[in-house]
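Chemist: Protein sequences, first through last, are from chains A and B. Take the first sequence: its letter number 278 is residue 278 in the working numbering, and every next letter is one higher. Take the second sequence: its letter number 295 is residue 295 in the working numbering, and every next letter is one higher.
Rather than coming from a laboratory, the hints here were simulated on the basis of the structure. Quick reminder that beta carbons are idealized off the backbone N, C-alpha and C, glycines included. A portion of the hints provided could be inaccurate.
To be verified - Capping the alpha-carbon separation at 27 Å, the derived lysine-lysine pairs in BS3-like fashion look like this:
no., chain 1, residue 1, chain 2, residue 2
1, A, K106, B, K14
2, B, K104, A, K204
3, B, K290, B, K253
4, B, K77, B, K104
5, B, K285, B, K212
6, A, K62, A, K47
What the hints assert, rightly or not - Computed from the model, here is a short list of chain A residues facing chain B with C-beta under 10 Å:
no., residue
7, E181
8, K185
9, L187
10, G188
11, I198
Next come the chains, spelled out residue by residue.
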Amino acid sequence: MAAQLKPGQGPLDYGNRLWLKVLFAAIFFALYMPIITLVAFSFNTDKRGIVWRGFTLENYTKAWNNVSLQEALINSLVIALLATILATIIGTLVALLLWRFRFPMKGAYEGFMALPIVIPEICMGVALLMFFVNTGMMNAVVNLPWPLNLSNIVIAHVSFCFPFVAVVVRSRLVGFNRQLEEASKDLGASEWQTFWSIIVPYMKPGLIAGALLAFTLSLDDFVITFFTSGPETVTFPVKVYSLVRRGVSPEINAASTVLIVITVIATVIAMKLQAPEKSGKG
Amino acid sequence: MTEPIVSIRNVSKKFAGGVIAVDNISFDIDQNEFFALLGPSGCGKTTLLRMISGLETPTSGQIMIGGEDMALTPPNKRPTNMVFQSYAVFPHMTVEQNVAYGLKVTGVAPDEIKRRVAEGLEMVKLTHLAERRPDQMSGGQRQRVALARALVKRPKVLLLDEPLSALDAKLRDDMRMELTRLQETVGITFIIVTHDQDEALSMASRIAVMEKGAVQQIATPVELYEHPKNRFVADFIGKVNLIDATVTGQKGKAITCDAKGLGKVELTSASQVGSAIAIAVRPEKLKIGKTEPKSDRILKLQGKVRDVAYYGDTSHVVIEGKDGLDLSVNVQNESREGGSGVERGQKVWVHWAPEDSIVLTE
Chain A
1 MAAQLKPGQG
11 PLDYGNRLWL
21 KVLFAAIFFA
31 LYMPIITLVA
41 FSFNTDKRGI
51 VWRGFTLENY
61 TKAWNNVSLQ
71 EALINSLVIA
81 LLATILATII
91 GTLVALLLWR
101 FRFPMKGAYE
111 GFMALPIVIP
121 EICMGVALLM
131 FFVNTGMMNA
141 VVNLPWPLNL
151 SNIVIAHVSF
161 CFPFVAVVVR
171 SRLVGFNRQL
181 EEASKDLGAS
191 EWQTFWSIIV
201 PYMKPGLIAG
211 ALLAFTLSLD
221 DFVITFFTSG
231 PETVTFPVKV
241 YSLVRRGVSP
251 EINAASTVLI
261 VITVIATVIA
271 MKLQAPEKSG
281 KG
Chain B
1 MTEPIVSIRN
11 VSKKFAGGVI
21 AVDNISFDID
31 QNEFFALLGP
41 SGCGKTTLLR
51 MISGLETPTS
61 GQIMIGGEDM
71 ALTPPNKRPT
81 NMVFQSYAVF
91 PHMTVEQNVA
101 YGLKVTGVAP
111 DEIKRRVAEG
121 LEMVKLTHLA
131 ERRPDQMSGG
141 QRQRVALARA
151 LVKRPKVLLL
161 DEPLSALDAK
171 LRDDMRMELT
181 RLQETVGITF
191 IIVTHDQDEA
201 LSMASRIAVM
211 EKGAVQQIAT
221 PVELYEHPKN
231 RFVADFIGKV
241 NLIDATVTGQ
251 KGKAITCDAK
261 GLGKVELTSA
271 SQVGSAIAIA
281 VRPEKLKIGK
291 TEPKSDRILK
301 LQGKVRDVAY
311 YGDTSHVVIE
321 GKDGLDLSVN
331 VQNESREGGS
341 GVERGQKVWV
351 HWAPEDSIVL
361 TE
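Please put together the full structure from these sequences, using the hints given.
Modeler: This is the structure in structure tokens:
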């Protein structure tokens, strides 16, 4: 008769081994502890934010009343929103182009399109700075009224966000059954009607995922923004950086927590929008 | 006689890379026909269907539908609708929305859409599933959606691309009857593409047998089966025994020929002396006897039973004759005793009436 195995003793029962559980816990700790600490210390009464002294919401009101921080956050959100919309449109068009048509040098174009994904951010930042300075846009934009003075940053963000959207949407399109498109036309729909009622709904999960990616990339971008923003315009990551140089204050913790909450809410909304599309495949 | 609904004139299709999918085909399809394009895969039948629908453009030639040249008409403006092999049911729409789609995009009034969608769903017996999404349905049900979606458009011609190939055997039989019934009730011309000869024979009123981009024969199912024009058709439609022979003499309509494994036989044909022919005979026309049949008029040979396959209603017997001639014989298992009544290794006589032989010259 076979011996009774205890949990974790079976040859394939890795999930119940102690060492795996410990490793698992350690990884989780390393990944999430910093974030949890950040959020927890945003409620700390201690001015330096190093020792826990008691619960307060004061940091949030202080952060809220900090005009320059407020301005930076609004700038960041506006830039992220505009960059997301533009990058999603351009990225989707590029994906459709690459999926639908055959043309000379297509492979080369596809490679160049994805370049911003692999180019070091610092190079991208310098390149964009030189572009803006040489075209005179750097000086021209500074004097424009808000939000037009953010144009350079939006352009810079679109240029590194759209390839991400294109890649995500393209990979979604690979699974598209071309017979759906043919069926639509056969049933009397024009190209335009087919695009909006068959292809766009099919791309939707890819569009949402791509847009979300673009939004978060834009929202927390530091390097490229740092290079392309004028002296007057400050975004949230740039502002946080300048504040941190004078020491970490719980105020920054509070503002960062707000940012985390915004991103989480955006993700949840995006996932909700995607939910009815469970079927996925054509 | 009424004007043909679809008229194909010298149509060819050459794909990039030089592959000729359809090679100078011409034929007419009449109003209310159930027409089948039958052939092995790669014979150009689907390409021809797609050219009729407008999804593919002919390299040369003319396609007329309802008397009008379709050369410059895009697929969305043609009076044809197609049921795709993959069904191509829109995954993000309910059954009802799928069926309504074709009417909606062409601007049919909302209450008219409602009425016709209800009618269409009724026709394919899917009314109870109107709110379902395609991913919650079986293959057979999805196919009905594709059918209803095409039929509510009231096309002049309904095109079906291998409609039964993805269904299991039981469903296929049901759907076959369903399609025949539908064609009779709606009175629309159906053109079906299939590689399955049973499908074509049992449903179609006329069949075009295609091979390598060309039409081999267009005829009714009975005509195709009993009077095939050439070896390809005889072999592709049903099972057949092909016996090579050479014509040695001719007198009026009667010929004498030297056939492999049979020797000298007399048949009716207009073939030239010296030409190579094939004698084709269907397995169910052959009889097996234990003793030599008396009559001289019949074709006969002695052989050894090499294989017996029992299929319940019939047994398929393979008999090994002289000169490497093998004959397949289908025996009806009429009594409950012992099936075909012959066993492997047994010496038997095979015979058939000369009028059951088809003389093929091509």
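Chemist: Now, for every hint given, state plainly whether the structure supports it.
Modeler: Checked hints:
1. Annotation: proposed proximity of K106 of chain A to K14 of chain B holds, straight-line Cα distance about 25 Å (limit 27 Å).
2. For the given pair, K104 of chain B sits about 22 Å from K204 of chain A by alpha-carbon distance, which is consistent with the 27 Å threshold.
3. In summary, the hint linking K290 of chain B to K253 of chain B is not supported, as the alpha carbons are separated by about 33 Å, beyond the 27 Å threshold.
4. This hinted pair checks out: K77 of chain B and K104 of chain B have alpha carbons roughly 14 Å apart, not beyond 27 Å.
5. Pair hint K285 of chain B plus K212 of chain B does not hold up; C-alpha atoms about 30 Å apart against a cutoff of 27 Å.
6. As the CA atoms of K62 of chain A and K47 of chain A are separated by approximately 12 Å, the hinted pair is consistent with the 27 Å bound.
7. Look at E181 of chain A: its Cβ gets to within about 9 Å of chain B, closer than 10 Å, so that hint holds up.
8. Because the beta carbon of K185 of chain A sits about 5 Å from the nearest beta carbon in chain B, less than 10 Å, this interface hint is met.
9. For L187 of chain A, the suggested interface contact is upheld, since its CB lies about 3 Å from the closest CB of chain B, less than 10 Å.
10. Using the Cβ-Cβ criterion of 10 Å, the hint placing G188 of chain A at the interface with chain B is satisfied: the shortest such distance is roughly 4 Å.
11. Using the Cβ-Cβ criterion of 10 Å, the hint placing I198 of chain A at the interface with chain B is satisfied: the shortest such distance is roughly 6 Å.
Consistency with the previously given hints fails for numbers 3 and 5, ordered from lowest to highest.
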